[in-house]
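Novice: Let's have the full structure, built from the sequences with the hints guiding it.
What follows is the residue order along each chain.
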Amino acid sequence: MRMTDRPSNEEGALAPWFAAGREAAPLPSGEFMARMEALALESQPAPRAAPAAPARQSRGPGRLLARLRAMGGWPALAGLTAACAMGLWIGAAAPEAAVDWVATATQEQGLSGLDPASGFDYAMLGL
Amino acid sequence: MPYDAMTDTSDEQLLAAYAAGAPGAARALTARLGPLAFGHAFRMLRDRAEAEDVAQEALLRLWRAAPGWREGEAKVSTWLYKVVSNLCIDRMRRRRGGFAALEDVAEPADPAPSAAARLQERSRAEALEGALAALPDRQKQAVVLRHLEGLTNPEIAAIMDIGVRAVESLTARGRKALEGLLAPRRADLGYEDD
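Those protein sequences? They're chains F and U, same order as listed.
Each residue of the first sequence is one higher than the last, beginning at 1 in UniProt numbering.
Each residue of the second sequence is one higher than the last, beginning at 1 in UniProt numbering.
Hints in this document: simulated from the structure, not taken from any laboratory.
Remember, it's a predicted structure, so these values are computed and weren't measured experimentally.
We put the CB at the ideal spot given by N, CA and C, even for glycine.
Be aware that one or more of the hints could be misleading.
If the Cβ cut is set under 10 Å, some of the chain U residues that face chain F in the computed set are [as the list claims (entries may be wrong)]:
1. G34
2. R48
3. G72
4. L148
Specialist: Next up, the structure:
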């Protein structure tokens, strides 16, 4: 409250009367206060429900999903599936072509053509 | 933490906690606002039973308004003063055909017999209440809010739905009328000795 907005600045000769009036502040009875508290409690809205906890997932899918995430998620699974399908297709549809290709490579380059580690590497390792 | 101990929690925060169903908020709000509502109603009506009815009705309205209360919209105490004031004015208009005479003011019912000074102070307060009862309703409302409840003029303007200038005018006229009504009582109530 601003200094100029104090009621006492305006009271003049009535100041002692108002002071007596403020001093005699009417107080409610204890019974009334107890009744008001009961009414407040009765009217109070129920506590707001806490956000629902996520439903616990069953053990199996949870583990599988965790492993899938560890592998790289759904894109990795798609790549793996495509590679498996390609392998099956090669094995089932063109086994002879694959055998021919291996034979040709062996004849032209020897085993080093198929072996990722060359003879030089084995020599360096003392094998 | 119990809300009763949180003296720095505003009424608005308490009301929000009440609306959220927080335990303890109902008790703390009642402890704060119950005496305010009753006190103002009693000063306006000078009848304990009627003041309790008005205070109960005002508090019930507040509890119902709590869930929709928008923060920053209004001060809870100002809102409550407004509801109590309006309920009191309605009752005063219903029950009163004319102004009460100052001579009708009852003597204090249960003064402390051994404390003469306290008795005199109580008599002064009673005389003031009697004089206030002789004022027109709106003047009385403005004077009580200003000089007994200690509110600022802008707060009273918000409660009474009028401008600050109108509040100043009402309180000035009310004080002038009170001076005239109380002047004959000065000697009776010991003000000549003050």
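Novice: Closer than 10 Å between Cβ atoms is the bar; does R48(U) clear it against chain F? Give me holds or violated.
Specialist: 8 Å, holds
Novice: When the nearest CB of chain F is found for G72(U), is that gap smaller than 10 Å?
Specialist: 20 Å, violated
Novice: If you take the shortest Cβ to Cβ gap from L148(U) to chain F, is it below 10 Å?
Specialist: Holds: closest Cβ of chain F sits about 5 Å from L148(U), inside 10 Å.
Novice: Given a cut of 10 Å on the nearest C-beta pair, is the interface hint for G34(U) held or broken against chain F?
Specialist: OK, holds: G34(U) within 10 Å of chain F, min 5 Å.
Hint compliance for this structure: hint 3 is the single one not met.
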